[in-house]
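J.: Heads up: the protein sequence lines correspond to chains A and X, in order. Just so we're aligned, residue 1 is where the first sequence starts under full-length UniProt numbering, counting upward by one. Just so we're aligned, residue 1 is where the second sequence starts under full-length UniProt numbering, counting upward by one.
Copies of the same chain look alike in the list, so a pair counts if it fits in one copy or across any two.
Cut-off 25 Å, straight-line C-alpha distance, at most; resulting in silico cross-link-like pairs (DMTMM-like, lysine to aspartate or glutamate):
id: 1; residue 1: K290; residue 2: D246
id: 2; residue 1: K290; residue 2: D314
id: 3; residue 1: K290; residue 2: D61
id: 4; residue 1: K290; residue 2: D25
Note that these hints are calculated values from the structure, not bench results.
In case you want the letters, here they are:
There are 2 protein chains.
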Amino acid sequence: MTDTDGWEGDLRDTGLALKHDREWDYELERVAEAVTEQAAETVGLQFPEGIKRRAPNVASDLEAHLPDRVQIYISGEANFGACDLDMDLMRRTDVFVHFGHSPMVESEGVVYVPLFSNVDVEPIMAEAIEHLEPGEVGLVTTAQHMNKFDAMQAFLEDRGFTVQTRRGDERLTHEGQVLGCNYASAKVPAEQVLYVGGGGFHPSGLAMDNPEKDVIIADPVNNVVKPASAEKFVKQRYAAIHQAMDAETWGIIAGTKIGQRRHGIAEQLAAENENASLITLDEITPSHLKNFGLDAYVNTACPRITTDDGPQFDQPLLTPQEYRIAIGEEPMDALEFDTFEGTW
Amino acid sequence: MTDTDGWEGDLRDTGLALKHDREWDYELERVAEAVTEQAAETVGLQFPEGIKRRAPNVASDLEAHLPDRVQIYISGEANFGACDLDMDLMRRTDVFVHFGHSPMVESEGVVYVPLFSNVDVEPIMAEAIEHLEPGEVGLVTTAQHMNKFDAMQAFLEDRGFTVQTRRGDERLTHEGQVLGCNYASAKVPAEQVLYVGGGGFHPSGLAMDNPEKDVIIADPVNNVVKPASAEKFVKQRYAAIHQAMDAETWGIIAGTKIGQRRHGIAEQLAAENENASLITLDEITPSHLKNFGLDAYVNTACPRITTDDGPQFDQPLLTPQEYRIAIGEEPMDALEFDTFEGTW
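Please build the complete structure, drawing on both the sequences and the hints.
T.: Right, here's the structure in full:
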């Protein structure tokens, strides 16, 4: 993960990490009910990186709600989204609980605990509207603040704005929700979009995917209002494409995470280039690619690994479209953010 | 992985990396036969770290042997042993080929290609016997040199040695074979053991597991003879144990790799300590544990992660026995290498 000022390029900076004291509702009674209903003997718990530190205490609290026979396991795998369920732990446990993300697809085997934030969004919204033009505004937020979405909308309408909201596509659970890889809910006619939520991860993707819109961040967690910008990312993407133009050998990465599979695209790219190898990989890190010694890589899994972590890799790491630009199949100015829509 | 002089502490330095020009037999005809027999449409290839660089060319050569309809995938997961089959790729492909390791358990779904070395072992053995006492000597080697094991034995016997060999346990495929986690084949009466093979990884484990024996390394790959020593490791282990004595909270890691599961031990340790959390994890790296923020960790999976990579973790990482020493259940001088026997 990149180590920046927290506003750009850090997959861990998703607003879940606690900047001030705040309590989540882990809904342990609901989890305990699922255990009882299924007469479960094993429970698996998965937490996003930002709240992993709470995992041991949550497991301990949950244990007090459960019969002695029940064994609790905490997933140690890295986690950055509902696209990334720990399928191994899910298979091996009777009840599997995923904290902090809303479902991408409803799955009978998974108890989703959304961890809604109890932070008050209105003070920072009051500040943010000073930076908006009167009239139409798109409104988006993250899973953590969905419990306040109606209130946000009313707040803006009460102040004379025409609020445009949209339910993105089937990858998104809620109207107005954004994911790190999907900003379809921001595709409204308004030329300005207000993002209410913590962290720099989501708004930077929002800006990358909507270069023609003004994106204002109202961050109630860090108590900051600022515009979102994709400029740094765009420069990095062009640099990576240029570097990859000299590549003779390519690795095409087919990600194996349950919600990050675009194997059809990966297979297609590998088939079209006789100097490309098809590589399957779960967690995509520089150390996993290092020993292959190829000149450049195309990542068909989570696009944020490419945009946010790309500069940390020894070789250029491109999105599928960037690859097509690098090999001359598309013009340089065609560059778009690699959104991930509807894929499971 | 540690970055040492190549003799100690590097899981990648297993003798598979090429120090001089050498060709492996990838047995592509045998793989192609398996594809034909099973009318396979998909083939998965897994390579150890040391020869990953060859993977794209091997895949490309194999492609020429196969019908066009067959899709080849290369596993991008880290690999350090037959304990660590890429089960996801294996499940998703009709034929799955594991290069460079001998089987731990025969599995119908896996084609094992051992990659025997064609290096001549006799010149370095001639040098090594100068460092042996006359009389009894144990003889061990790695999977790569098993094709020469009978010749090694005859070489020593011709020069007057009484050679003691042993088939370790069911984790080992061959008489005289060692694994990074299992040196049962060296448990012979002789007070000296000759290790013939490349790299520093296996002999350092051999020395850790046999502190009472003299272990001589005859490395035909790097053309070096030297004694194996566990001294550096033993010091590091004691340092880690001492540091962990102050720990209040513990993470007990249950590894999920197919041949590294000792979940019974992990569950037992977690059950006995109310300040211990049970964490499941595939690849055990510092970044995976970092966000849990616990004081110390016990690794029940591959012991070489603990001994070789341990110093790179932010918190002490102990073997199960070292944990018992740290919490006062066993005396300090009971310390033994954490061999991994017969577990699958």
